[in-house]
Amino acid sequence: MSDELYQKAITAHAKAAVGAGRLDRADSAATIDNPLCGDRVTMEVKLDRGRIAALAHEVRGCVLCRAAASVIGRHAQGLTRAEAQAIDTALRGMLGGGDPPSWPDLAAFRPVARHKSRHECVMLPFDALVKALEAAGPAAAGAGPAAKR
Amino acid sequence: MPPVPSFDPVSVRAAFPILAAGAVPGMNGRRIHYLDNAASSQTPRPVLDALIRFETAERANVHRGVHRLAEAATAAFEGARAKVARHLNVTEQTIVFTSGTTMAINVVAGAFGDTLSAGDEIVISELEHHGNIVPWHLLARRRGVVVKALPVTAEGLIETAALERVVTKRCRLIALAHVSNVTGAVLDLAPVRAAAGAVGAQLLLDGAQRTPHGPVDLPALGCDFYAFSGHKMFAPHGIGVLWARPELLEAMPPFLGGGGMIERVTLTETSFARPPRRFEAGTPPIGPAIGLGAAVDWIAGIDWAAATEHEKQLTQRMLDGLAAIKGLRVIGPTGLQGRIGVVSFVLDGAHPHDVAQVLDAHDVACRGGHHCAQPLHERFGVNGSTRASLAPYNDAEDVDALLGGIADAVAKLA
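Sequence order for the protein chains is A and B. Following my numbering, the numbering of the first sequence begins with 88 at its first residue and continues without gaps. Following my numbering, the numbering of the second sequence begins with 593 at its first residue and continues without gaps.
Next comes chain A alone, as it looks inside the complex (with noise of 0.2 angstroms):
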């Protein structure tokens, strides 16, 4: 069982760590806790006309919490909120038994969805990228022209 969730592609990702750190100023920030597990996610992000022009995250979390933010780190890029929202939703859908979201990366972590008890874990980044543009404000609610991703 636990070889299908540390499969390469998760702890690849969780090794990769892909905007691990903080940013020199953010425009918003978030910090949200598992309170079953005591696992905290930090998520940095500087906007562009409504897009996350940069992003930074620091974990203090499971295998699957720092792949997740890997993840995020990766593709955050150009992200409005409302898009945002839709991956976070979609994922969620994901480990309820749905589709994977438009992310290819995060088709890594279907395994998950048969052990309820971690689907926080991976969920907590997403969660707290989307705590972080719903705290920017206005900043981040009307998007300008997509960026490149």
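Note that these hints are calculated values from the structure, not bench results. Bear in mind the structure is a predicted one, so any value in this text is a computation, not a measurement. Take the hints with a grain of salt, since some may be wrong.
As the list claims (entries may be wrong) - Under the rule of at most 30 angstroms between Cα atoms (straight-line distance), these lysine-lysine pairs were calculated in the DSSO-like manner:
no.	chain 1	residue 1	chain 2	residue 2
1	A	Lys95	B	Lys1004
2	A	Lys102	B	Lys740
3	A	Lys102	B	Lys761
4	A	Lys95	B	Lys761
5	A	Lys218	A	Lys133
6	B	Lys761	B	Lys740
7	A	Lys95	A	Lys203
We have chain A already, so just place chain B on it with the hints.
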């Protein structure tokens, strides 16, 4: 490991249906190595039989009806109270049934807490379970009492040398874990009792982790309140006990109001029943209480001198095995002195949830996380640990499966 004479964990295990090979779905005939006893222990056949008997031949509400089922249910329920009282060497009137340890401590915080004033002090420690922290924080908000904490040593023990500094004349209650749910350390009771006595404070012990490891002689402990749960001591979930000295129970106002805890109700006022029923508002958890009665009977049938020796041997085997793993650190005592078979550890580079997940693949049930003791983990600079906890049905195979699983976790994660 030489076997302990007169103790056979395999025959103990035979009383627990869930621990039999093939009992757990999806395990292809293998048995589970259950080492999550500090969270919830398993339930032996006599307890299950008592539950089935109640549900199929005695089920009714208690104390109110006159029909035969109500009589039978009341007799079984009050019979359970008598069994628990005998088990603890106290009187039935001092046994308050609750839903568990947390509720028992909340009863004290609500009822005894109602007699406290702003500025009065409650002393806890850094190693407490959240169930013995949060009720006092809530009381602090309600009544302005001050919550202070004794520090914990690098060995994971409550620093009793700090008692003199922390326990002042304003202290009304010292509330501590009898045994830590993370480190397995047993409280050094004598200095705590002396500190409480010196300032006239009451002493509450959270006995949730002590009661599964053999009978407790409450009068010999010299505490004023004792709280514990059934589900960690081979009984069903949803039942627990608050014991208190009779004069304290008599003096305390009720905590929750409702049916069963009254003497007389008019539209304008209520007078209350005497303890223990004053603190048992509403229909109690009748079946689980009867199950707890059967569990203490089962516990009484164990040779605890031999069982304790067996547990020590397994704990030593576990500690030796863990000490040999590079990058692994045990949180708390690393020897057998002053501890029970609850051992928590951190593994460099591996998150406790991931370790517990890999252990599950080895059929080992362990707990990863903060174990509802975040301040203690903060004290040790980690956000969680992996915990293995023993019961009399565990044997060397269980411990070896744990150690083998950790080696795999190291290979996969660290």
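Broken hints, by number | Per hint list: 2, 3 and 4 violated.
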